[in-house]
Amino acid sequence: MITAICAPSSNEMLSSLTRITNEELDGFRRGLPSGTTELVDCDADTFLFLNPSFRSSSLVSYPIDSSLEESLKFKDGLIPVVTVDAKNQILMQAFSNLESLRMTLKNKRGTYFSRSRNSLWLKGDTSGHIQNVLEILVSEDKTFLVYRVEQVGAACHEGYYSCFFREKTGNGEYKTLSIPFFGKENTKNTL
1 MITAICAPSS
11 NEMLSSLTRI
21 TNEELDGFRR
31 GLPSGTTELV
41 DCDADTFLFL
51 NPSFRSSSLV
61 SYPIDSSLEE
71 SLKFKDGLIP
81 VVTVDAKNQI
91 LMQAFSNLES
101 LRMTLKNKRG
111 TYFSRSRNSL
121 WLKGDTSGHI
131 QNVLEILVSE
141 DKTFLVYRVE
151 QVGAACHEGY
161 YSCFFREKTG
171 NGEYKTLSIP
181 FFGKENTKNT
191 L
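If you read the sequence shown in full-length UniProt numbering, its first letter stands for residue 1, the second for the next number, and so on.
Hint data in this document are derived by calculation from the structure and do not stem from the laboratory. A hint or two may mislead.
Said to hold, decoys possible - Using 30 Å as the maximum straight-line C-alpha spacing, the simulated DSSO-like pairs for lysine-lysine come out as follows:
hint, residue 1, residue 2
1, 175, 142
2, 87, 73
3, 108, 175
4, 87, 184
5, 108, 184
6, 184, 142
Use the sequences and the hints to build the structure in full.
Structure, rendered in structure tokens:
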């Protein structure tokens with residue numbers, strides 16, 4: 001599955017988040033307005049589509065309230081999370097389960113569920129590139145969350161401030177953007 005995020009720009013609140021199959025990606029692209037910029041994350045499983053015609057989504061602050069937890073639309077026990085910095089720059093997309101969401105609320109640190117490791121993942125636990133969570137927002141339809149964070153170091157395990165450091169060019173190749181580079185994770189244990 002691919003995550004497709006649409007936003008007016010890379011530093012404005014997102015417009016939508018859609019989960020699609022690899023086979024549906026080209027059709028999704030064809031439905032986008034002309035002039036849309038395409039960024040891809042380091043794992044090529046999340047695409048960020050930017051176009052000024054996209055309007056920002058209505059998000060509401062996530063209260064610490066178990067009734068809201070029950071209304072969130074988890075699929076297979078997971079809900080997508082888009083992480084943005086204090087200036088709304090989109091940094092990454094990951095997933096949360098109920099346990100990681102509760103840990104994030106309790107510890108105010110970006111905590112996710114790693115599908116590849118099938119375990120909880122405290123961002124920065126090995127790299128020192130931590131996320132201090134300032135606010136959690138929920139989409140109106142309750143299908144995804146947004147963590148607004150103070151990002152310390154890189155959000156991307158490739159060492160870039162944002163996972164969206166590559167832009168698709170007209171010839172279909174990706175060029176690296178001038179996103180701050182902090183060094184790859186797991187090079188040292190700083191915690």
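Against the structure, the hints:
1. 175 / 142: Given that 30 Å is the threshold and the Cα spacing comes to 34 Å, the pair is violated.
2. 87 / 73: holds, 27 Å
3. 108 / 175: Since the Cα atoms of residue 108 and residue 175 sit roughly 34 Å apart, the hinted pair is violated (cutoff 30 Å).
4. 87 / 184: Distance ~23 Å between residue 87 and residue 184 Cα, so the pair holds.
5. 108 / 184: holds, 24 Å
6. 184 / 142: violated, 33 Å
This entry does not satisfy hints 1, 3 and 6, going by the numbered hints stated previously.
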